[in-house]
Amino acid sequence: MAATGRPDFACSGGRTAARIDRLRRELWTLETASSRASDDSLTVPLGTPAVDGTLGGGLGGGALHEIAAAAEAATAAATGFALMLAARRISPSCPGGSCGDAGTIGMPRPGSNLVWIAEDFSLAENGAPHGPALDSLGIAPERVITVAAARGQDVLWAMEEALRCRGVGAVIGELRPRGIDRVATRRLALAAAAGGTLGLVLRTAPDAAPSAAATRWIIGAAPSSPSSGGEADELHGVGPPRVVAHLVRNRRGHLGAWILEWNSVEQRFELATDSEPVAGTAFDRSHRAAAG
Amino acid sequence: MSSSPLPARGKSEPALVVFGKRGNLDLLLAVDAQAERLGLRAGLALAQARAMHPALAAVPEDAGADARLLTAVADWCQRYTPLVATDPPDGILLDIGGCAHLFGGEERLRADLLARMMRFGFSARAAIAATIGAAWAMARFGDATDAGQASRIFPSRRSRPPAAGDETSNHPASPRSERERLAPLPLAALRLPDETVAALVRLGLKRIGDVVELPRAPLAARFGADLLRQLDRALGREDEPLTPRLPVAPYVAEKRFHEPIAREEDVLATVERLATRLAAALAARGAGARRLELALFRTDGVVKRIAAGTSRPLRDPQAVRALFVERLAALGDEVDPGFGFDLARLCVLNAESCPDEQIGLNGHEERADLDRLVDRLSARLGRRRVARLVAHDSHNPELAAQALPAQAMAQAELGWDTFRRFRAQADLSPRPLRLLARPEPIEDVFALVPDGPPVRFRWRRALHEVVAAEGPERIEGAWWCENGGPARDYFRVEDRAGLRFWLFRAGLYRETATPRWFLHGMYA
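Order-wise, the sequence lines are chains A and B.
292 is the number that the working numbering gives the last residue of the first sequence; the numbers go up by one with no jumps.
1524 is the number that the working numbering gives the last residue of the second sequence; the numbers go up by one with no jumps.
Be aware that a few hints might be false.
Said to hold, decoys possible - Where chain B lies over chain A, by a calculated footprint (3+ residues, C-beta under 8 Å):
1. 57-65
2. 80-89
3. 138-150
4. 163-176
Keep in mind the hints are simulated off the structure, nothing from the lab.
Keep in mind it's a predicted model, so treat the numbers as computed, not measured.
The beta carbon of each residue, even a glycine, is placed where N, CA and C say it ideally should be.
Construct the complete structure from the given sequences, taking the supplied hints into account.
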């Protein structure tokens, strides 16, 4: 028995080469199959033609994306942006987050769960996700699982596990500025592609370190549009959530900067047209100076 | 037993005794073999012993350590039977009914136990009897045929030796009846208070046989019902329940190894094999495991217990194995195999009814996939760390939404439908995306109108100038309980940079001269 196996292995280089060729072809088929899936069916459009055009249709659904807050104080804005993207992924046709039987616990829609992973430290410092707000954002809190990790390593591990899970549509992982290296992002990107899951790395400060993420965003807070008119020196009301979004890396297209407003009724982003130009907002670009 | 000799040590070393305070006096509590040869006995005053032998090595007692040791030995005794109870300060009770045949009979079980105890360095006595009382008496006061002894060769180990009293439920160990075996033993063997024993001895009643025949009524009148109860319990006329130290698991599978195993792969392979056996038992009753425990008995007597929970009743051996992969990874070096494990036991601590798997429905498969993810994350990170959001019927924002362990909430109603109905009626203002666990005080608050929102405030040392505000939304404190806290006026504000916060003033303006302000959450 063993004798038949041996000559096969040692006799001709040609057969070995043929076998390697065949394996390569199989590998290629597997890889392209997974990337095709992430290209077409899982793309997450933001709902704003200008941004979607730059992204080539939308964010890759089975891919990793980095979202950094422009400054520590803007963490909530970055969180909001990440959650809005997740809402687009897990309930794109479900305004209000409470439609039909998809909202019930027994029968969640395919890949319709969100896993939020953060360190204890970050939850204490920046607050924990609040169910009622998630609900008004369009993410049914029933479909959210939160994970509080003691260490940064645990966040990475839990993200990878969650990204590979078929029942999960989006994973948000909060990491400290230097909590992740290129190898780790590569692992997460592969896991996201394998599971067809939207992976979002949320960071409290921009980081110029190389990564395997498909896109990288820097999110700042933006003043909301006055929702109710009033006299000039009086306090006016607070409008819908609005963020300054800088796309600083994009593997599939151009970069850009927009002021985006979340339309919670239609669950999509809209360009804020009435506001001042993006260049005017106070914004720290030191990381770009360092990168360029 | 305190009279048992301490481990023997080298001849050149001084005699060793353990002492402790009883009343106002330091008394010897245990003596080693050498001290025994010198004529020292437990119960002697320390000062007197020192006067007799100045070179005595005396160690103060450590009751906590003794109790811990007794518990550890009791846990180790679980290798014989799941029904093990400690009998402080120095006894362990085992209910070996139905277990003895696994070890080749009662006598061989006792011999095995004593041999192992001796190898660990304990001097122990063990007796098998039909009642707890009889076993207790014979282990402590019986002769060599009643109470097997293991007390000669010891490694140097300073510990008080426990006596193990073994008990079977039905089968008397020897053909002689309990009554015959107990008759020659002193009355102290009946677990009576010292005063009762002393009073009986004064009357010339020294042995159990002396009181068994006496009329019961006068005895009870003279010495109380306690004497008769202990007598009845020893003779099996009255039941005495054994309270196991650890709950008895409904499903157990175990595997013994002649050659101890130490590698993680071997442990996991064993887990899978045991889980396969449990799966059959669980399937027969239509049940599944919600909580599992793996007990690994190390050759040196240490017992490692590793528990893992599941979100839904579980039978699949592969899934059980996957759970323990994560648990072992999380524990890392804590599962120190030492020289290996010679017994592995897998218990189902909690079982729930588990309908047969439905296969093919996509939603169910995804749901099962998600539950497996939750189980893996909980096993590695701890079950409190993996949570689901639950809505509570409360006005207090801290209580309105909580994160509870996802495994426990897998099938529970999370309350969000109720919340949505409530929100539609009550017209709540938008809630912040991230809520701080404790509201943080803000300083330098300046408000234009007493009841209005602040115009500027300082939070975490940064000054924020408010340009937009909404509110107030008044949330009453829990006025019906004493520390319900004051009412809160919540404002949603936006500063010049576009940061949005949820602030509140604690207490109404009229009630407090200098109201305190807090920041409770951040909006996107």
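Hints versus structure:
no.	hint	result
1	57-65	violated (count 0)
2	80-89	holds (count 4)
3	138-150	holds (count 10)
4	163-176	holds (count 4)
Hint 1 from the earlier list is the only one contradicted by this structure; the remaining hints agree with it.
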